[in-house]
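Participant: Chain by chain, the residues run as shown.
Number of protein chains: 2
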Amino acid sequence: MSIIVDSRNLDFILFEMLNLTDILNSEQFAHCDRAVVTQILDSAQRLAEDLYLPSAARLDASPPEFVNGGVEIMPEVQTALAAYAEAGLSAQAFDHALGGLQLPFSVSMAANGMFTAANLGISNYSMLTTAGAHLLAAFGTEEQKARYAVPLIEGRWSGTMCLSEPQAGSSLSDITTRAEPAGDGTYRISGTKMWISGAAHHMTENIVNLVLAKIPGGPAGVKGISLFIVPQRLVAEDGTVGEENNITLVGLNHKMGQRGTTNCLLNFGETGPTVGYLIGEPHRGLHYMFHMMNEARISVGHGATMSGLAGYLYSRNYARERLQGRRIGQKDPQSPQVPLVEHADIRRMLLAQKAQVEGALALCSYCGLLVDQQALADGNERDDLTLLLEVLTPIAKSWPSEHCLEANKLAIQILGGAGYTLDHPVERFYRDNRLNHIHEGAYGIQGIDLLGRKVRMAGGRGRDLLVARITETIEQASVVPALADFARQLTTALEAFQRATDASLACDNQERALANATLYLDATGTVVVGWLWLWQALVAARALETGDAAPSAFYEMKITTCRYFFRYVLPLVHTGFALVEELDDVCLSWTPEQLEFV
Amino acid sequence: MSIIVDSRNLDFILFEMLNLTDILNSEQFAHCDRAVVTQILDSAQRLAEDLYLPSAARLDASPPEFVNGGVEIMPEVQTALAAYAEAGLSAQAFDHALGGLQLPFSVSMAANGMFTAANLGISNYSMLTTAGAHLLAAFGTEEQKARYAVPLIEGRWSGTMCLSEPQAGSSLSDITTRAEPAGDGTYRISGTKMWISGAAHHMTENIVNLVLAKIPGGPAGVKGISLFIVPQRLVAEDGTVGEENNITLVGLNHKMGQRGTTNCLLNFGETGPTVGYLIGEPHRGLHYMFHMMNEARISVGHGATMSGLAGYLYSRNYARERLQGRRIGQKDPQSPQVPLVEHADIRRMLLAQKAQVEGALALCSYCGLLVDQQALADGNERDDLTLLLEVLTPIAKSWPSEHCLEANKLAIQILGGAGYTLDHPVERFYRDNRLNHIHEGAYGIQGIDLLGRKVRMAGGRGRDLLVARITETIEQASVVPALADFARQLTTALEAFQRATDASLACDNQERALANATLYLDATGTVVVGWLWLWQALVAARALETGDAAPSAFYEMKITTCRYFFRYVLPLVHTGFALVEELDDVCLSWTPEQLEFV
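Line by line, the protein sequences give chains G and Y. Heads up, the first sequence is in the numbering used here, so the first residue is 1 and it goes up one at a time. Heads up, the second sequence is in the numbering used here, so the first residue is 1 and it goes up one at a time.
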């Protein structure tokens, strides 16, 4: 059985739960129906299994190396990326006008997820390429789109995002990379960028680096940050790629996971002038970057989900085949050993993974749907969708990063000693997944974003919209006997969310109001995923009721997993919410002397 | 500041909390007082920092390799082990009669912990050597002790434990390695052993493998397992090491962590006869092995704690030095960046690590003390100490393996992207620590051991003893105003433990009674560590009261950390206990059709 996709479940989430057909019926996606989506997903699966999966362990063991100032990468990586581009997959979510396939974001996310599950080290390159193209498509001039976005969309070039610097990671306010006007409308970029994924390789003809820098004389802090196109090699008016743009690779970082992707320290303007082209207006760089951040953050959460999924499916296959021990109560040592899956604790670990992974997949897919709905809507409806998405984005980024990492931990445990070796991929998924809480805004930053900003925006309208949607599902579930208890439990958890939020909002001391923001983020995420499980159970219950559901065991296990989530996971939220509600200051109230002893 | 020990805290736990002086006052340890202990710990620290710590990252990056049927290991490993033996540290916890230093187990554990923290890949070899020597000292004949135990105690040879086989990991009942009587009192061993740590190297003159095997004609299952000394090279009567004993190294496992330690697949009797010497009586092998298991399992928990400690101390040092961002409310982007430790969420992650690591250290040290007390006691007192230790052992093995791994996760998070690179040790600690839930009895096995066996033994006396000790601390804390709330909370948690235990004991269906044993184990562990935190806070409160406590901030932070534990961690136990009490069967009640969808 495939370890990169559970097609039955993906179909359930996209079509039975989220009703993606509604989106496909719009004019924008008139060329695309459910059959086309299925076809795209099927061919993505084939390509990922043929060209991405086989080299994953080898790429992890033989990551890119820094040789003579350049990068050496296993040739399979270039082959895989070229095949991905050749299949048109770089172009999935772009409009026809830009040469794109004009598919829903939610569909492209599902297709890309298979590459992530198969070989994250490779898929990172195309993910960054697509993200860069999206940014250019949104904010570039027509010339910039034609010259830089189109080759990215075609997958001929690749892209990077250059934000962090040695002294400025989470605190972008402190970047010092300079962009001096050259007098001809272009800029000269100088400075050092760190943690740059996907940079400095030669697998594509060119790399479009999107670089945050400060134009001298601008405002201090984040209000003085501008965004530039800084191509690896300069591009002539006709699109011809020319000489190097003086971007020096200083070195590669060696990482615990995601080892196949280059992660670079870059110097700009060290060996000669590095030319940059301003995107949009000066000093608005962070605004442009953040505009794209929602999709990027949802993608990170989705990537975490896919690493979780791969571990779940792998350990599930293993548990069905590996014989070990006997069921409790079987005292005859000469009776045959049973498959691992016969043991209650192994089942618990499988069910926990299923709850985490399929819950996270529902979360990210729902956010993907909102991205699509938002693009199709206008006026108040669009504003509402945007606000809802703003609230959900830190959750979609963080909940999978936490809980699908835990799923990977359980996958290792199911395999036992074997899971701890490089002979099986589960330990790699665990290592890969650990990054997701760090990049694209660390966990703590996401917590402050949610509690300090997102639930407060527009008078709390985003929060109200979320609560209204959750309440709607609760109402529907409360009249289904099998789900009524869960509906009550979710109501209680939602009330705890509301009290915690209100208490934080009422607190004048910002530091104290946000002291437990990370716990709030996790608990809120669990409420949201609890809602999505109730929703899934509701769809399953209806399918079972109509009687034409086949196979019924699929739907029954959706309800079982919902029960698991509500009994084993949801009750844990009350501890976190209580700490926020009570404005616990145990982490703040320290004297300098006490600080020496933590 | 050292990252392998917090001397102030270790002294607090051993002497101020556990009152180790009582043990030292016994005749057995008359040669050893508090000053001697301090001296031993100090010299262990120096040796570990000088010879173990510097090569840790390199050994992880260049683990032992399988070359021409043998093993190649970095020479620093042999140098370090030789220095450890030379310092007499292999002999710490053995009686003078065997050439040992006759130190308390609790002291040797503390000393060895520093080597674990400094370089787990190396310290595993000496840990296994000591474990083997302990087993021989307990069950070997005088001749076996002289011939095999003494060279281990002197550190001239090393040891391994050979239990698992390809088809028998957790299920030892199913081992098939044979031991045929040779007619001269010795046996011929044949079969395959897997996951053998510390085997097959040439860093010592000989290796004493302790091998579980079945003598043909014996009972089926675990009752037919015997234990053998199987030296790597045969030993003459005068102790001279002679020819190879036909133990073939088939290959090395490549692991996610603990990479410096060989982990071997071994064939016995493949290239010629492999001679084994029976320990004790036939068919009692597992009994002997399990007799030593308590200490081995406590040592695993202690090892997990030390990996957690190393990450905690490293990330604490980093958080004090690394400047990033500004406190919430500081809007001036030109104000200087502050150290990480100024941010509430960083403080929370430090405090969480402190609570986990120092709680786990108190747990393992307390168990170490019980081992010592047990050895000194007799009659009913000894029986009681044994029973209490039986109950605590699965907890001491598992709680640190879970919660100190989580501590390592937080250490990475504090360092951010840097923590995900091999430039800092925190990601290695995380990888190393992941094994501890797997070896020496997996997490699920420990849960069944606690709920299915340990709390039921001797009419539940071990459980009653534990509850009595916890209750005693609760009573003392309840009259201290600063701690009375915690005392009440612990009472409530203890009641939940009692209800859950009773419900499981009352259930006739064993499979259902134990379905949530892992959650029970974790929750019980949290109650126990909560108790130990209340105890620490009580000691701290008294020290502050007497006024001669210096520095007082040390004690204040003990109370703060206790508060953290009771507010952030202890409330979580109620979910786990409720599932056990209600005999939740969500993981059991599946049809074969449903099994296809988990």
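Any given hint could be a false lead.
Label-pair ranges, simulated between beta-carbon atoms [what the hints assert, rightly or not]:
hint	chain 1	residue 1	chain 2	residue 2	range
1	G	A61	Y	P333	40 to 46 Å
2	Y	R499	G	Q498	39 to 45 Å
3	Y	E511	G	A138	25 to 31 Å
4	Y	F15	G	R488	49 to 55 Å
5	Y	E511	G	P481	25 to 31 Å
To give an idea of the interface, some chain Y residues facing chain G are shown, with a C-beta separation under 7 Å as derived from the structure [as the list claims (entries may be wrong)]:
hint	residue
6	N68
7	V71
8	S171
9	L572
Residues of chain G clear of chain Y, computed beta-carbon distances all greater than 10 Å [what the hints assert, rightly or not]:
hint	residue
10	G242
11	H437
12	T591
Just so you know, these hints were derived from the structure itself, not from any lab. Here the structure is a predicted model, which means the values were calculated and not measured. Backbone N, C-alpha and C fix where the C-beta goes; we use that ideal spot for every residue, glycine too.
Participant: When the structure is checked against the list of hints, which entries are broken? Sort them ascending.
Facilitator: Of the numbered hints given earlier, those the structure breaks are 2, 3, 6, 7, 11 and 12, listed in rising order.
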